[in-house]
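Protein chains in written order, with this note's numbering: chain A, 1 to 346; chain B, 347 to 745.
Hints in this document: simulated from the structure, not taken from any laboratory. A virtual CB, placed ideally from N, CA and C, is assigned to each residue, including glycine. Some hints could be false.
Stated by the list, open to error - Derived DEER-like restraints, expressed as beta-carbon distance ranges:
#	chain 1	residue 1	chain 2	residue 2	range
1	B	Glu696	A	Met106	56 to 62 Å
2	B	Asp670	A	Leu14	27 to 33 Å
3	B	Asp691	A	Ala186	25 to 31 Å
4	B	Asn390	A	Met106	48 to 54 Å
5	A	Glu336	B	Asn390	33 to 39 Å
What the hints assert, rightly or not - The calculated lysine-lysine pairs, modelled on DSSO-like cross-linking and capped at a C-alpha distance of 27 Å, are:
#	chain 1	residue 1	chain 2	residue 2
6	B	Lys669	B	Lys442
7	A	Lys181	B	Lys480
8	B	Lys653	B	Lys477
9	B	Lys483	A	Lys165
10	B	Lys483	A	Lys181
11	A	Lys165	B	Lys418
12	B	Lys477	B	Lys553
13	B	Lys442	B	Lys483
14	A	Lys165	B	Lys442
15	A	Lys181	B	Lys457
16	B	Lys555	A	Lys165
17	B	Lys718	B	Lys705
18	B	Lys408	B	Lys664
19	A	Lys165	B	Lys477
20	A	Lys165	B	Lys609
Claimed, not checked - Over the 12 Å line for every Cβ pair with chain B, so calculated as not near, a few chain A residues:
#	residue
21	Asn9
22	Ile27
23	Leu133
24	Asn149
25	Thr175
26	Val205
27	Tyr215
28	Val263
29	Gly322
30	Leu330
31	Leu342
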Amino acid sequence: MVRSNRWVNLGFQLAALVLALLFTTLILLAAGAPPFDAYANILRGAFGSMINFTDVLAAWVPLLLTTAGLLITFAAGLWNIGVEGQIMLGAIFTTWVLRELQDTSMPPALIITLGILAGMIGGALWAMLAGALKTFGGVNEIFGGLGLNFVATALTLWLIFGPWKRPGVASMSGTVPFDDKLALPAFTGLRLSPWALGIAMIAIVIVYLLLQGTYFGLRLKAVGKNPKAAFLLGIPTWQYMMFSFVLCGLFAGAAGAMQVVAVYHRLIPSISSGYGYLGLMVAMLINYQALWAAPIAFFYAALNIGSIQLPIVLHLDSSLSGVLQGMLVLFVLLVEGARQRLMKKA
Amino acid sequence: MRKIILHVALLVVAVALVLSACGPAPLPKATGYTFGMLLVGPYNDQGWSQAHYEAGQYVEQKLGAKMVYIDKVNPADRPGTTASQLAEQLVSQGAKLVIFNSDDMKDEALKFAQAHPDIYVIGSSDDWTWKDGKNYKESPNQTDIMGRMEYGKMIAGCAAALTTQTGQIGYLGPLINDETRRLASSVYLGAKYCWTNYLKKDAKDLKFKVTWIGFWFNIPGVTSDPTQVADDFYNSGYDVVVSGIDTTEASKEAAKFAGQGKKVWAIPYDYVGACEAAPDVCLGVPYFNWGPAYAQVIAAAANGTFKSEFQWNGPDWKDINNKDTSAVGFVKGKALSADASATLDKFIAELAGGLNLWKGPINLQDGSPYLKDGEVATDQQIWYLPQLLQGMEGQSVQP
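Isolated chain B, as found in the complex (with noise of 0.2 Å):
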């Protein structure tokens, strides 16, 4: 009897282990746990704000851990204040750990993690954390997250280059920096893959031009107007426009091009529902998960074992829209035929089996090397980009 009361605990623990293994690792629960977070927009934007925000959800869903907020978190709509002074504000209602949500609030997120030592902090996109960066800081309190939207750009560079019916996709740019050259490359990288390879067409018959509005959301007067410029793309015979800017003009041309007859199609940005604007053009969207990695640092920190570091985080090759696991995603589409549709599970299927298209040779736009034959591109000259690949058309730097 006691044998097998023995092989039965034995088998329970076997058990236990087995299942601890697989999957992700149960996270501790963090009940009453209070995190704030600093969304730069409109909690409801439909875009980079909202997903952060129902990153918060997720983290107060899965960790019974409780959420306060402040949205619109940027001088223009809130005059007089900068990000500290309300991430402060968060803190006098119970927040032990502040996250700021953008690359705008960098230098905030970072003075606050310095005068609060005893308050958490999480930088996304910012890269103050990353030793092998070009910006590390000591800021022992602070741990910074970014995902890898880079294959998420790689997949709707594929999506393009499978429906484009002209050979020709535009990319509709923000403003010229190291993160969104690397984003717009990468969809140049996963388009001329799809292209050559699945569609065996001449890389040189692809046109891939990149017209930047100078900001990450269009401001009368002072950008270029994203809705013209996406005029300009479906009136020249770039049937594909991929957006890399935080609104959704693209998507309403394209849908009033479609309702015009013409065959055109969108690929818009950041969130899990931003096809939604216009359905029956979108070929899909690369999003951000970020909840299961602040579901992560944030019990770390109600547990007391909080470490500073810095995430880069991938998507979960076994399946990309796994909301418990993948950081990056991407949502095909009502306008994705198909045909397109199997073809880019393949592709899918093929960067989970290590396929890297961060690999050499590559050219910068000016026609100097940047990696050579067979070499594999490190984090930081992925992070850092310095300019636009050769094959792609538009700016690499802002004049």
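So that you can see chain A by itself, here it is in the shape it has in the complex (with noise of 0.2 Å):
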């Protein structure tokens, strides 16, 4: 008997994305473009030159740290929609910081870290609101989440064209950009930070030893499995929820730091650049397990840079990157749900 052997269940994941593809590729073949063609191309565009390699990681850095944070919340059993927002407030926090700082004698490292560190506190803060409604109002985190980050999208735009306006004309363009001294610095010539790739990286680990190697990671598990009997058993519940939103806020945050003193130097409309959803694909696509987050949220940053080839050289939708991440994800729980039907009958 084969039962729950990791081949198998290997087996089965590996079963999963031949199937996306496959179904990908019939879209393709539909859409009368050249499959091949185009996975060459995706490949090519995101690992076919260091500046595109580097690309690459500069992308996963922001989806590995909102990741990270979501692995928490859904390891409580929540589904933290509002990881959007939360990415955004912690953008805020940072400009703010940026802002008020910048033309002060402070040392650049000091005011970029006190930047970060802002901006992981407003992405805790936003967390909270949504713990607290969950907690005190009895309002589910999806529909409190969902909501906050429309409030936060509108604050967003009304700090950019109202009192964070530009001078002259404001702009789609956002804030004033700040002084290239502000930047979290990259290596010559690339876009890469190598600060941001290590904040990235402690942050996954963190994350991990939290769940795998702690007591409270324990406790956490079970308070997502059974808040009932975890409660019974001496766990105080709604705390351990109210504290898992705040430390995903903190990597949320960090995440939105890094969009503004590593990507775009400012802030901008769309600032959390739909990281939140994507990292919500990614956690269920490694059905919630760390250990498997950094490959896979690098893999999606793969597809986000490769694709950006499909419009330039084959004119295709580049969207098509966007159906292959979600068809992977669809076939994924699939393929999970009758792994468990095909077992129990075995």
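Both chains are given apart, each in its own frame, so use the hints to dock them into the complex.
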């Protein structure tokens, strides 16, 4: 009997990947596009040059930070859709601190550090709101979070076209870009900052250790699996849930901070880049296991950057990569369902 | 015999001179020259981006140049990318000049131009290279281009005033900044002029209301819903809605109300084919024609005569819909009556003859004088308009 064998599981996952690729290929064929050319171009776009490869890593950083945070709320059984807004608030807080301190004589390294910390706090505060709505208001975190996302977008736009408006014409391009000295230092000639990369890798390691190796992680998972039972066993359930929101907010806020100090260097209307929703997909795809977060988030970032070639070279809509990303999640969930049924019968 | 040959030669030269003097000077070819274009929206959005995309095709066809493009260039559609990063991808495909087609990419265009002095940049709707503007930055390999849409909007305002039966015109505005204020105000100036001069009605009886939704398109939960705003206009007696946003809600709502037997009209924006969304209620559309300016700059770049400048291009008053010469145009819609159409032509002719509606006395919305009697607005006064104008209802600045 090969029941629950690790290799069988892996086989099912691979089957999901193959199915997703097959399905996307069918869509490409239906659209009259050459599928292999398309895949080759995505690969070339992601890994064809040092610049492209480091661009993938640069996009990987905020996605990995977001996913890291989401693993904590998922462990507590929470659907933190509000993560998108938490990224935005992180970016807003970072921008705020940078704006306030940019004309002081403080060393830039200190300003950047304070900016990132402020971003983390901003994300955590916004996450606390969703947590409070859930805990004290009885508002499901999905609806509360969604609502708070809208508020965060509105707040961002208001700041860009109101109080933080640039001199001259307020612009969709965002607030006045910060001086180069307030950017996280990047490799020469590239957009990737080793600092940002380091922060993201430390973050995922922390989350992995927290969830796999600590008593806190164990109890958090107990809350996630069955809050009533956990409560009866003496775990302060709502405090644990609240705390998981705060932790997730810290990481999401850090992602927002990275968008400001490492990518856009100002506040822009869509500062979150949709990483919150993408992070949710990644977390679902890896079945909430921290171990897989880094490679799968990397795969998604590579698809995002690689697919830029599609419209340039093949005149294809690059939302194709989004189709592939969505298909993957869908098929992994489907195959997982099928596996469970089959295993039960066996 | 020699004399005859000489005469013929002289004649040929003379004819050539005359020919080149009238009509646009023929552009040098740019065969095989590759240029890139970054479009903020989908290339087929029936709006802003499609107008640019078709201008790119125009350049390909006119100059024999080749376009490479990326559309949906914004961080929401392309997570983790910046416009300058995408521009580099176009350069790696051979582009020697890159068009950044939106205000969204203003900072990225400048950053890219400065980082790549060997690549030419066109910033559409930017004002970095405007020496007399407020944001001038030296950027020798960059040219910024904008169309004088003020004229298109005045013509739209006139068409609205000539058509409204309730004397109430609604303006569906995007977000509030200097650009959107000057465009909304231009609609008002055109409407007021035609209302008082052709219809001989009192300016006080013309209601003009601006409702800003908060963005260039609907974002559920964040902006006001443009469908709802258009509905409110049509339900409260505003029978013409002029759209200033990138999407076609106003036209669709007008078609819906017209289907219920109401007499309402709409005027869309941006793209020459925008009336197609709802042809039966469309009075016409003011649109951008970027082709001629792009062709001129790209030809210059290909032939080594590029120079950094700021172009704010108006209509070709000989024919505002001339594809080869006019940067801004207005195509009439099916719903414009024959009478109104004739009067509108008169208005366009007056504009062509030098009529300037940006001439004092003009007061700002709060009553403070902006232009003294007879004073003509400078380009700066129009570009950086600080408030809506007196007589217009609606917010002047973001609260």
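Among all the numbered hints in the text so far, which are the ones the structure does not match? 2, 3, 12, 14, 20, 24, 25, 28, 29
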